[in-house]
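> Taken in order, these protein sequences are the chains called A and B.
For what it's worth, my numbering labels the leading residue of the first sequence as 1, then goes sequentially.
For what it's worth, my numbering labels the leading residue of the second sequence as 282, then goes sequentially.
Calculated directly from the structure, the hints in this document are not laboratory data.
Where is the CB? At the ideal position from N, CA and C, for every residue including glycine.
Hints should not be assumed to be uniformly reliable.
What the hints assert, rightly or not - Not the full set, but computed from the structure, chain B residues with beta-carbon under 7 Å of chain A:
hint : residue
1    : E297
2    : R307
3    : A308
4    : V320
5    : Q321
6    : R326
7    : C328
8    : L389
9    : L391
10   : V427
11   : R436
12   : L444
To be verified - Negatives, chain A to chain B, calculated, CB over 12 Å:
hint : residue
13   : D19
14   : P73
15   : V182
16   : D201
17   : A204
18   : E216
As the list claims (entries may be wrong) - Derived coverage of chain B by chain A (criterion: at least 3 residues anywhere in the stretch with Cβ under 8 Å from a Cβ of chain A; other residues may be distant):
hint : region
19   : 348-357
20   : 401-411
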Amino acid sequence: MTEPDTVMDPHDTRPGIPDDDLHAWLDGRLPEDQRHAVDDRLAHDPAARDTVAAYRSQREALRALHRPLLDEPIPPALQAAAQRLADSRGRTSQWWRWGGMAAGFALVFVTGWLSHGQWQAVRGGETIAARSRGTGQEFVRQAAVAHAVYAPEVRHPVEVAAAQQEHLIQWLSKRLGRPLKVPDLSGLGYELVGGRLLPGDTGARAQFMYQTPGGERVTLYLGALDGGADATARQETAFSFSGTGPVPGFYWVDQGFGYALAGKLSREALLQLAQAVYQQL
Amino acid sequence: MRQATTATMDRHTIIEQIPGLRRYARALTGDAWAADDLVQDTLERACSQWHRWRAGSDLRAWLFTLMHNLFANQARSLSRRAGSGVQVDPDEVAGELRAPDAASDLALDLQRCLLRLPVEQRAVLLLVSMEDLSYEEVASVLAIPVGTVMSRLSRARSRLRELLDAPAGDLAARPAAIGAPMLRRLK
């Protein structure tokens with residue numbers, strides 16, 4: 001190879017193999033007769049051979065680039081997004097399929113919880129009936145499923161850990177379509193573990209998980225409620241408590257957003273946490 | 282080609298596309314977080330526009346189209362915000378700090394050089410080389426004529442060759458940029 005360096009002008013494949021043919025030849029896109037024609041010309045064109053060799057190794061390097069990603073497990077957030085796409089296409093609400101057995105298993109408990117649930121609302125000491133019960137129940141059911149599935153999770157309780165809190169907030173804010181704040185519950189002994197994105201029946205949901213040093217976990221589940229057909233769903237409600245299931249929790253609606261705080265705690269402890277959340281949002 | 286399996290849109294066929302989308306997005310953005318965000322955005326966009334997808338047409342190509350449009354918009358607003366085209370996205374930095382993973386030096390170099398290509402050239406080069414799309418498919422994904430695909434491919438390859446051949450220090454001294462202007466080629 002005594003040819004001058006072609007780095008400065010790699011297009012200069014002088015004896016005129018058209019540039020397009022060179023690329024098509026390299027990419028295996030030339031019909032056979034043309035391919036042979038290029039083969040012949042390359043045999044007499046060392047500069048073009050150099051160029052082709054460089055491009056070929058480039059092409060191979062690109063095909064190898066990030067290849068391990070192809071075998072990586074698909075992150076749950078992307079699986080959930082794929083599920084939403086399949087659902088929006090099929091128009092069937094199959095959100096519960098996601099989560100598979102675990103969610104189905106949890107549903108059994110949750111249904112029991114709801115059918116026996118005592119719905120009460122507390123605000124300023126007086127008890128009032130919770131409004132928009134239908135949507136609220138569905139929302140709370142989903143929150144409880146999410147809690148039951150993820151709270152016992154040892155290795156992957158969250159998708160994005162608290163260490164990347166900034167990213168977590170940016171990401172979930174984008175998904176839920178409004179700027180979110182992550183309430184700080186450290187004053188009550190609960191540190192943020194992280195959060196995840198979940199599919200809900202009226203759009204994306206976020207779940208934040210907190211835990212005590214002793215490993216006691218609570219989850220905050222939130223997302224926009226669809227006001228279209230059922231405007232009452234968006235109305236603000238008092239805190240509603242359900243305490244007879246495996247996961248007691250408080251639920252409320254504020255500015256079109258539903259919130260559910262769940263954990264295996266006393267009603268008083270949960271109320272205190274729910275109020276702390278409410279005051280910070 | 283997996284025409285038969287991509288002609289419908291159910292969960293399985295969508296999931297099947299994700300690894301490829303993630304890899305392409307990763308090479309396009311050079312950042313693990315940004316890439317998965319882009320894939321997620323793409324799927325969300327598909328959710329809102331699925332009615333525009335023609336059943337029976339190539340799902341993969343359609344998803345690439347959505348992704349490309351999203352990315353082009355992002356890159357435009359990024360370079361507007363950052364002026365000189367230097368990225369200041371905290372996600373980017375987080376990715377750099379977090380994810381040296383198993384990538385070899387060669388792959389890092391290649392990725393760095395890729396990011397120095399103008400976005401349009403990078404997209405063509407990746408779709409042709411990494412994703413093995415035909416020139417016609419690339420033209421339709423990017424909504425440009427085949428002739429433009431060819432000229433971008435040609436410029437991308439020769440530019441990448443220059444970059445890869447350049448001494449490493451020369452590259453490291455310059456920040457990687459999504460919308461870096463192409464250096465003028467010497468005649």
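> Is the claim that V182(A) lies outside the interface with chain B correct, judged by CB distances over 12 Å?
With a cut-off of 12 Å, V182(A) remains clear of chain B, as the shortest Cβ separation is near 16 Å.
> Hint V320(B) vs chain A: min CB-CB distance below 7 Å?
holds (6 Å)
> Hint Q321(B) vs chain A: min CB-CB distance below 7 Å?
holds (5 Å)
> Do the numbers back the hint for L444(B), that is, is its least Cβ distance to chain A under 7 Å?
violated (10 Å)
> Would the hint on L389(B) stand, with a C-beta cut-off of 7 Å toward chain A?
Violated - the Cβ of L389(B) stays beyond 7 Å from chain A, reaching only about 10 Å at its closest.
> Would you check whether A308(B) satisfies its interface hint, that is, whether its CB is within less than 7 Å of any CB in chain A?
holds (6 Å)
> Quick one: work out the minimum CB distance from A204(A) to chain B and report holds if it exceeds 12 Å, violated otherwise.
Contrary to the label, A204(A) does not stay out of reach of chain B, its closest Cβ about 8 Å off (not over 12 Å).
> Confirm or reject: D201(A) is not an interface residue toward chain B, with every Cβ-Cβ distance exceeding 12 Å.
holds (14 Å)
> May I ask you to test the interface hint for R307(B) with respect to chain A, counting a Cβ-Cβ separation under 7 Å as satisfied?
Result: holds, 5 Å to nearest chain A Cβ.
> Are all beta-carbon distances from P73(A) to chain B longer than 12 Å?
violated (10 Å)
> Verify this for me: three or more residues of the region 348-357 of chain B with a beta carbon less than 8 Å from a beta carbon of chain A.
violated (count 0)
> Hey, is E216(A) genuinely clear of chain B, shortest beta carbon separation above 12 Å?
holds (29 Å)
Going through the hint list in order, the structure does not satisfy hints 1, 6, 8, 10, 11, 12, 13, 14, 17 and 19.
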